[in-house]
Every structure is written in C-alpha cells, then in structure tokens.
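For the protein sequence lines, the chains are F and U, in the order given. Going by the UniProt record's numbering, the first residue of the first sequence is number 1, and it counts up by one from there. Going by the UniProt record's numbering, the first residue of the second sequence is number 1, and it counts up by one from there.
Possibly wrong hints are sitting among the right ones.
Listed below are the simulated DSBU-like cross-link pairs for lysine-lysine, each with C-alpha atoms no more than 35 Å apart in a straight line [unchecked claim]: (1) F/K103 <-> U/K84; (2) U/K84 <-> U/K95; (3) U/K267 <-> U/K157; (4) U/K95 <-> U/K358; (5) F/K103 <-> U/K116; (6) U/K116 <-> U/K358; (7) U/K369 <-> U/K457; (8) U/K157 <-> U/K185; (9) F/K103 <-> F/K272; (10) U/K358 <-> U/K311; (11) U/K116 <-> U/K334; (12) U/K334 <-> U/K84; (13) F/K103 <-> U/K95; (14) F/K103 <-> U/K311; (15) U/K457 <-> U/K84; (16) U/K311 <-> U/K267; (17) U/K267 <-> F/K103; (18) F/K262 <-> U/K267; (19) U/K185 <-> U/K95; (20) U/K457 <-> U/K95; (21) F/K103 <-> U/K457.
Partial selection, computed: residues in chain F whose CB lies under 10 Å from chain U [what the hints assert, rightly or not]: (22) R91; (23) K103; (24) R108; (25) S143; (26) L147; (27) F307.
If you anchor each label on the Cβ, the simulated ranges turn out as follows [said to hold, decoys possible]: (28) F/E104 <-> U/E6: 38 to 48 Å; (29) F/S208 <-> U/R186: 30 to 40 Å; (30) U/E6 <-> F/R122: 38 to 48 Å.
Calculated from the structure, these hints are not laboratory results. Given the structure is predicted, the values throughout are model-derived calculations rather than measurements. Ideal Cβ placement from N, Cα and C applies to all residues, glycine included.
One letter stands for each residue in the lines below.
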Amino acid sequence: MLSRVAENLYWMARYLERAENTARLINTTTDVLLDLPRDASFGWDILLKLVGLDEFFEEHYREANESNILHFLIQDERNPSAIVSCIRRARENSRTFREILPKEFWERVNGLHLYVQGLASRAAQNRAQRYEVLNQIVERNQSLAGLLISCMSHDLVYEFIRLGRNIERADMTTRIVDINAAVLLPRKGSSLEPLQERLWMSVLEALSAYQMYRRHVDVHVSGHAVLNYLLLDQHFPRTVCHCLSEIEECLATLPNNTEVMKVTRRAWRRLKGLRWEGLASAVLHEYLDQVQADLGAIHVAVSNQYFYFYMRQKEATPPVRVVNE
Amino acid sequence: MNISHEYSVSEAYDELLEPGGQPRCAARALFHYLNTLQPGELEARRQSVDAAIMTMGITFTVYSEAGNIDRAWPFDIIPRVMAKTEWMRIEEGLKQRLTALNLFINDLYNEQRIVKDGVFPLEVIAGSRNFRQQCVGITPRFGVWAHISGTDLVRDKDGTVYVLEDNLRVPSGVSYMLENRQLTKRLFPEVFEVCNVLPVDDYPVQLYDTLAALSPRDDERPVVAVLTPGIYNSAYFEHSYLAQRMGAFLVEGSDLMVDADDRVYMKTVSGPRRVDVIYRRIDDDFLDPEVFRPDSALGVPGLMRAWRNGKVGIANAPGSGVADDKVVYAYVPKIIRYYLDQDPIIPNVPSYLCMAEKERGYVLANLDKLVVKPANESGGYGMIIGPRASPEERAAFADLIRANPRNYMAQPTLSISTAPTLTGDCLAPRHLDLRPFVLQSSRLHATTGGLTRVALKAGSLVVNSSQGGGSKDTWIVDTEDSCYPA
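Can you build the whole structure from these sequences, using the hints too?
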C-alpha cells in the first residue's frame, strides 16, 4: 500500500474518532450540567484544556462562555479539531482513496459531512437540539465503523484505519475521564457523595460504558473503580488497555514493525504500572497526561516508520494537532 | 404530460422529435413513456436523483471556490437517444480517425513522411506547443501514442454529424458517462427494460486491457497506476473512479520514484514496488521535471527516461497532444486519406486556418459569422462566437488573430442539435454534443455512445461543465430495423 494512502487512512480514522468523541464529550458535559447543584461551579473552559485547545481558543475569542466554546468545538473551521473540520477532513481524505474502500463508505462519509454542514450551527446554538445532532454524529460514526468491520477485507488498509481509530480513541478516553476535574463541587454539604457518583456515572455514559461497568464491576459508581475500569479493563472496547492491545495487534500485521512495537510495549508497561487509588485530582491529571504522551510517542513512531520513510525529502509534519504535543 | 404539445421544437435538429413533433424511431418507447407521466413527476424524480448525486458524491472540482471545492455533477434526467444503425457508422468513423491520427503522430516523431510528401506543412509542427522534441525518435508499443481519446461530435441542422474537435491529451468525462447510466437505470427502470439500450459498463475492463497491453513485463499481471495531480484537479473524481473500477493504484507524483535502473517504483508501507503501466492524467509540461518544466512538483523526475528505455508504459504517451492542436484538426481528412487511403467517414466542420493568408483574410472579414478557437486551449476557453460577440469584442479578437495567426482557426457557427431537457417542470430544447471515447493499443475499442454534454442555459452553445454545462445519459438503442420498412 502507498505510504501516502496509509497516512490518509490513518488520519481519516483519527478525524472520525475525534469528531465522535468530541460529540460525546459535549453531550456529557451538557448533561452533567443539569444535575449540578446551584452552588457548584463549572467552567466550560475546562473542556478546552481537556482537548488541548485553550491557547488556540484564546487567539480567536474574547470570552470563554458556553456559546463561544461550543461554536469553537463544533463548527469553527479555524479549529482543525472542531467537529465540522474533522468530518470535512475525513471526507477530503476519503476522496484520496475512494478506490480502496467499499463504495458505501464514501457515500456515508459524504452523507455525514452534508448532515454536519447543515446542522452544526443548531447543535452549537441550541441546547435542545444539541443532543440530537451530536448523537446522530456518534451514531453515523458507529455505522461507518460497522461497515468497515463487516464489509471490507481486513487487510493492510483496514489495519491502518484501525490503528488510527484506536490511538485517537485511547487518547480521547483519557480526556473524557479527565472531565471530572472540570467540576468544582462545594466543599460542604450532604449532597456531595451522590453528586460525585453522578459525575462518574456520566463519564461512563459518555463512553457508552455504564451498562458494561455495572455488569462487570459494581452497581455503585466510585472514582477509582471507574478509573480502573476505563483505563485497564481488557474487554471493553473504549478502555485505554483495550485500545493498546488493538494497536499492538495492528502493528503485528505490519511490515518492519520492530521499532513501533517497542514504543507500544513501553506505553503498555507504564500504564500497568500506574496506581489509581486515592489520587488527588491534580495527580490524576498528571497521570493521564503521561498516558497521552505515550500514545503520542506511538503516533510518532508509526509516522516515521510508515508515512515518512520513503519521503524523507518531505518534512515530517503531520497535518493537524498531534495528541499532547 | 403531452410532449408533442408542450415541447416546442426549435430550428435546430432535435435528437428526440421529428419536425412534426413525432418521436424519432429509436426514441419512440421513451417518448410514449414520458407521455404517461403525471405533471410534476419528472420534477420529483429529478429531485430524488439530485439527492442521490449529492450523497454518492458524484462531483467535479471548481478551482475558484475555497472550502467547498467540489460541486455536484449537473445531470439532466432525460436521456439522449440514438439508433444503433447510425451509431455503428459513427463508431467506424471514430476508429478510422484515431487509427490515422496515431499513425500520424508516430510519423511526426520519426520519419515525417507526411511532411516530406508535401501533405502536411512543417511550419505547423514548428509552431506547435505540444510537439515535444524530447519524443523524437521514439516508437511506443504498437506504434500507438494516444491510447485514450475523446472526440467531440456535433450534429448540424440537416442531421449531419461532424467532428468538432479531437482530445488526445487527457480527455475527461468517461466516468460521468458511466455514472449517468447508473442514475438513469435507477430513474427509469420501466422504460429502460423495454428500450433495448446497449450497455456501456465494460469500459473499465476495456481500459484496463488497453493499459495492461503496454506493460514491459509480458508474463506477469502488470501493476497499473493512474497518475493524478491530486484532489484539486477538476477531474479528480474521474481519476479516482477509474482507478477504483480497474483495480489500479491511484498515485500522485510524489508517490513514485525512478531508480538508477530506470524502473519506476511506488513508495509503499513495505518498501518500493515496481509499476508497469501509468495512465497519466497530468499534462506533459508537468510530467517530468528532469525533461519538461523543472519547477513541476506534480511529476516524477526520471519518468521520461524510464519510458524511453522501455521500462514503463505510459498512456497517453508524452507528446501525443501534438494531434490535439486545432490546426492539425483541419488536416485530419487529409491525414486519413494519406495513411489509410480512405475517405473520412465522419466529416470535419469546414475550417479556416488563420496562418494561411487567404483564409485569414476571409476570417477577418467574416468574424460575425464564425467561431474562432485558439489552437491549444481546452474547455471552451479563449474562443469567440462571432455572431454573439459585440463589435468591440470582435475588433479586439481580430487583433489577437493578426498578432498570432498560427494560434487560431475558425469555423462557421453550426446550428447544433437539441434534445428535450428538463427545466423546471417542463421540457425545453437545449443544445448538446457527444463525446465518445476510443481506446487503442493492441486493438481498438469505442464506447457505446459516449458522454452527452448539454448546455443548460436556453440558447447557449457552451456545454463544458466548467462553464455551466450539464450532461445526459446517452442511449444507443437497438431498434432491430423495425423503423426501416423493407
């Protein structure tokens, strides 16, 4: 497979996954907001920090209020990670390899693009319609992934898509877990504990993981149990641990994989070594940063090995923000 | 609806209806079917097909629009119908023409017999932008240079079909021909069934075979690649489409490299992989910075070296555009007679070459009656339609002609044929042309019909999609001679 095509496939998968997870993140946040007591304070700007775009936002907006931030995250084309930008780029990328994916894939990506173009502004401006539109984005992404799983050869092409999807997914899971830091609860008051529980529940829900958590872990939702589950569970497909094993499986099928495998195993060992019980939220945040940095290292190794290897004359700058740079 | 009442046949030849308002033989079934439709139904079908075009992403690219670079393909739902008997004669004519043109190109780059025999003037080549000195002395496989060509045909008032121009460099449109058929089958399955429309779907296979025959390695399944300038090219959709349908690789210049052994390789995730045949959709100028424009980032350094040394097949061969010249066009009837000793089956539109003094005098004196075209532009750019231009525009154009007579040729303004086209909820006559495609390497193949392009604006003669034209499905209908009583 052409290096250029591999790179485009990989990024397409990342863009789609990023759009889906951004939609999930916003939906959860909006949902959590409704459950918060009046004296709890919540900064929408923390969403920006989570996705690593706070400085970029400040260059373009004066006030970090709900409407500006949502506009920025959903429909501002200046933001390469905005949902519309991700989907547009995924579509542009698909145009470069239409010949190798099932025909329906292009039609659905194109349909998603048209849908988002038409409705992004409603999602950004109107809370009532936001859920519906963002949920559609999640659903349509799921249908794309489903199409690939069931209707294309699981060959190299597929592996590069899977690789991109899982690197992005693991990264976004760490960011969604971090959402809890966005809420500053009142220090006193009897409502604290159920509220904490409610917040962690919403994190699970953001990843469609609540039911599986309840089945495999506990009816009660506590912070460290959720963290353990979302980071280390082997079986749920959005956990960091599961994504890492997917990444490893992909890499095992690729040629000349020694270096990238090494970097992946290092990330794996470090994840297993982290202890999540009783962490203060600042430390938690640092731990999650570490995981994100390890995922970033995998990305760089993959790029160097497969995308830039035969194009040394081309400067090795990836097309958009790399996680955690 | 009742077409005969609602549709006003214009002065031009109408492809669907005879002057009395009755359908032409091959179009009878379609005509009767359209008559059964309720008012509003055509419009409803048009809307559904427009939606399908949007979601299927059948697009062409427009350079000027930032952000949204591709536009939905403008498609008219009413097919254009032609009888098989007529088509077979045209097909013969096209094959004749392309055979002669390829003999001509090969002769030009080698012995130049036609020049020595005084049939074709040397000064035309000397003034040709598309004659590539770098190709002199080369004879590609089968002696064929233009493996894929698109010839524009128009029909005049009296029903005669003429060749309007030849496109031998990187002709586009065949993917739309194929997509139009898919759309029409979805739209009018009922009438399609009874009409005996000849299929067009085998084109990608024919193209693959044409290309594969150029492979320098005889005994293996060759690696074929379509070389595109990238997603910003107006025909990118087509490049991608053809690669997909042939199971070929779609590559950009930066994906390829030529090694010291003169072989061409693709850069893949597992290392270099040899390429045998390249269907290039990049102009000569940009093909190889070692030989042509040194500043080209679209091309592949060393590609010409690889081709010249027989390590890779290239279609269309570099230099084939020399026969694309509209001055060369005027010589094609002579070229056919010279190489094949046959009379041309499809006539040329009478043409006046501005480089010849007498003809130039006639052109300058009759600008208000003529269409004048530059020798090497495509897409309808740089031309003037005399009768529709203002006196000032004509005067300015006359200066251009005087300054560079070699670059212009003129033709009388034909009254080109029309066909019913859906505008709003009624059918109106719109002018159209036809672009069949001819493939040639080890053997000759022509598409069944071709791409019908239609001017969507009333009265307009410009059918190019870049300038507001649309397209229709083209039906070659086997009437089994039922229209022609013995």
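Quick rundown of the hints versus the structure:
1. Distance hint between F/K103 and U/K84 is fulfilled; the C-alpha atoms sit about 33 Å from each other, no more than 35 Å.
2. For a cut-off of 35 Å, the pair hint linking U/K84 to U/K95 stands: about 16 Å separates their Cα positions.
3. The hinted pair formed by U/K267 and U/K157 fails the criterion: a straight-line CA distance of about 54 Å is larger than 35 Å.
4. At most 35 Å may separate the alpha-carbon atoms for a hinted pair to count; U/K95 and U/K358 meet this at roughly 33 Å.
5. Our distance criterion of 35 Å between C-alpha atoms is broken by F/K103 and U/K116, whose separation comes to about 54 Å.
6. As the CA atoms of U/K116 and U/K358 are separated by approximately 24 Å, the hinted pair is consistent with the 35 Å bound.
7. In summary, the hint linking U/K369 to U/K457 is supported, as the alpha carbons are separated by about 21 Å, within the 35 Å threshold.
8. This hinted pair checks out: U/K157 and U/K185 have alpha carbons roughly 31 Å apart, not beyond 35 Å.
9. With a CA separation close to 41 Å, the supplied pair F/K103 and F/K272 exceeds the 35 Å bound.
10. A distance of roughly 48 Å separates the Cα atoms of U/K358 and U/K311; the hinted pair therefore is violated under the 35 Å criterion.
11. About 14 Å separates the Cα atoms of U/K116 and U/K334, which keeps this hinted pair within 35 Å; it holds.
12. At most 35 Å may separate the alpha-carbon atoms for a hinted pair to count; U/K334 and U/K84 meet this at roughly 28 Å.
13. Our distance criterion of 35 Å between C-alpha atoms is met by F/K103 and U/K95, whose separation comes to about 34 Å.
14. With a C-alpha separation of about 34 Å, the suggested pair F/K103 and U/K311 falls inside the 35 Å cut-off, and the hint holds.
15. A threshold of 35 Å between alpha carbons decides the hint, and for U/K457 with U/K84 the separation of about 29 Å falls inside it, so the pair holds.
16. In summary, the hint linking U/K311 to U/K267 is supported, as the alpha carbons are separated by about 17 Å, within the 35 Å threshold.
17. The suggested pairing of U/K267 with F/K103 holds, with an alpha-carbon distance near 25 Å, which does not exceed 35 Å.
18. The hinted pair formed by F/K262 and U/K267 meets the criterion: a straight-line CA distance of about 24 Å does not exceed 35 Å.
19. In summary, the hint linking U/K185 to U/K95 is supported, as the alpha carbons are separated by about 28 Å, within the 35 Å threshold.
20. This hinted pair checks out: U/K457 and U/K95 have alpha carbons roughly 33 Å apart, not beyond 35 Å.
21. For the hint pairing F/K103 with U/K457, the CA-to-CA distance comes to about 33 Å; that is within 35 Å, so the pair holds.
22. Using the Cβ-Cβ criterion of 10 Å, the hint placing F/R91 at the interface with chain U is satisfied: the shortest such distance is roughly 8 Å.
23. Interface restraint check: F/K103 against chain U, minimum CB-CB distance 8 Å, threshold 10 Å, status holds.
24. Restraint check, F/R108 versus chain U: the minimum CB separation of about 8 Å is within 10 Å; hint holds.
25. Below 10 Å, beta-carbon pairs count as interface contacts, and F/S143 has none with chain U, the closest being about 14 Å; its hint is therefore violated.
26. The interface hint given for F/L147 is broken, as the beta carbon of that residue sits about 14 Å from the closest beta carbon of chain U, more than 10 Å.
27. Interface restraint check: F/F307 against chain U, minimum CB-CB distance 8 Å, threshold 10 Å, status holds.
28. A C-beta distance of roughly 39 Å is found between F/E104 and U/E6, which places it inside the suggested range of 38 to 48 Å.
29. For the pair F/S208 and U/R186, the supplied restraint of 30 to 40 Å holds, since their beta-carbon distance comes to about 36 Å.
30. Restraint check, U/E6 to F/R122: a C-beta distance of roughly 42 Å satisfies the suggested window 38 to 48 Å.
The structure fails hints 3, 5, 9, 10, 25 and 26 (numbered hints given earlier, in ascending order).
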